[in-house]
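Asker: Construct all of the structure, not just a fragment, from the sequences and the given hints.
Taken in sequence, the protein lines are chains A and L.
Taking the numbering used here, the leading residue of the first sequence gets -8, the next gets one more, and so forth.
Taking the numbering used here, the leading residue of the second sequence gets 37, the next gets one more, and so forth.
Because the hints were derived from the structure by calculation, they are not lab data.
Some clues are possibly wrong.
[As the list claims (entries may be wrong)] Here's a subset of chain L near chain A, in silico, CB distances under 8 angstroms, partners left out:
1. Phe108
2. Leu114
3. Arg129
4. Arg257
Think of the CB as a built atom: it goes at the ideal place given N, C-alpha and C, for glycine as much as any other residue.
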Amino acid sequence: MTTLGDSFLTAWQLVAAADTQLGSIVWLSLRVSLAATLIACVVGMPVGALLAVGRFPGRRVLIVLFNGLMGLPPVVVGLLVYLLLSRAGPLGQFGLLFSPTAMIIAQAILVTPIVTALTRQVVADEWSEYREQLRSLGASRARAAATLLWDGRFSLTTAGLAGFGRAIAEVGAVMIVGGNIDGVTRVMTTTIALETSKGDLPLALALGFVLIAVVLSINAVAYALRGWAERRWG
Amino acid sequence: MAAWLELDRLGLHESGTHIVEDVTLSLSAPRTVVLGPNGAGKSTLLRLIHGLLHPSNGALRWPRPLSQAMVFQRPAMLRTTAIANVIYGLKLRGHGANVRERRAVAALDHVGLAHLAQRPARLLSGGEQQRVALARAWALEPELLILDEPTASLDPASTREVERIVGEIAGAGARILMTTHNLGQARRMADEIVFIDRGRIVEQTPAEQFFSTPRTEAAQRFLQEEAP
Ligand SMILES: Nc1ncnc2c1ncn2[C@@H]1O[C@H](COP(=O)(O)OP(=O)(O)OP(=O)(O)O)[C@@H](O)[C@H]1O
Ligand SMILES: [Mg+2]
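Answerer: Here's what the structure looks like:
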């Protein structure tokens, strides 16, 4: 029990002292997952909105597909991106494997279906409310999709955050395509996994604290933002 | 009076049921009110005319295409200010920024909401939102304004206000086509009544005559039941 208590104490000291090793790992995690989430939002939100309001062949299939892909196992995504980026793979010439870029790519693939499916749900709800009014005013479907994305902007923060939460918390994909190289591709989750297996609990615990704090505070901000938006715009 | 719309054996079938059937109608009055019991097909008929639904049978004939706007029972307001909601409609019609601004300000003024222009539209009261919806329609300067039970959930004062506004829009030259379950309102607003039941036209009669001596027994019964 003393070791556990000591570990907690040391972990807390690492956090409190803003340890540089700890800091760089946290910073890389945030950078990679934010970039991946940004890409996922840029791609997934318009696609989700078009799936909600559009009428084109294959729409239903795509909806089912994106809903299903929400549960993609990270290790499988990691493996696929690994194959793509490995020297013999189709994108091997760019030498991206074991770089933060590779991790961004893998997480973006993981998160895009989540953002797409959640956006589609939000916009579909809006569409059922506004559909006749927008068509009456003469809005094209693409225009309606854009209008509803903007109108649902506060609800859509939830979609982005769900994506970010998934990205920052996953281990499998970044482990495989990043390689967990010290000082280069080591992020919070992969470090926790590694340090725990080595028995170095303080660093793992410290990162665990930070990870939980990041996830909680982001959700708190989103909650506050939505509450404010609700009161401001109805 | 020349007809501005002719419906020729118009029908709409949905999964085997006839929602609107064999509607042949010539609309020429400036203000027409469609009456009928719940589920008669009033909203469906208005949607067909507005182009939100496509008929399964028959045809609509517009002697001259009319620009239209529609006001729904429950106004759909975007999460922005009242005036931005009015401007949005004008934007979709391709008007430039100056025209949009000018018309939106004027329209909100006409409906008596100039002082609420910068308020979030969805936080306005039901009556105020409906007036924003009327301003949004009015700003488009429609030649035909369609209203589906525009005062269904409004109190008497708001109802009168909506009637005044619709009257002004009619005065500016727009044809009015509306439904209501408020017979007093129909009396006040209509030049002509179209009475429908179970998807079919029962009678089309000048308003005054409809309320004093309806031609059909169905309409007589309807007037007795709906009267307070
Ligand atoms: N998409 C649809 N599919 C099947 N039935 C429908 C559909 N839309 C409407 N109906 C039916 O058609 C009938 C006419 O509906 P409509 O809304 O036009 O009636 P209404 O006269 O406007 O009634 P109310 O006075 O209650 O507003 C109703 O029985 C309704 O249930
Ligand atoms: Mg109706």
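Asker: Decide, hint by hint, whether the structure agrees.
Answerer: Quick rundown of the hints versus the structure:
1. Phe108: 6 angstroms, holds
2. Leu114: 5 angstroms, holds
3. Arg129: Given a least distance of 6 angstroms, the restraint on Arg129(L) holds.
4. Arg257: Nearest chain A Cβ about 32 angstroms off; hint violated.
When the structure is compared with the earlier hints, a violation turns up for hint 4 alone.
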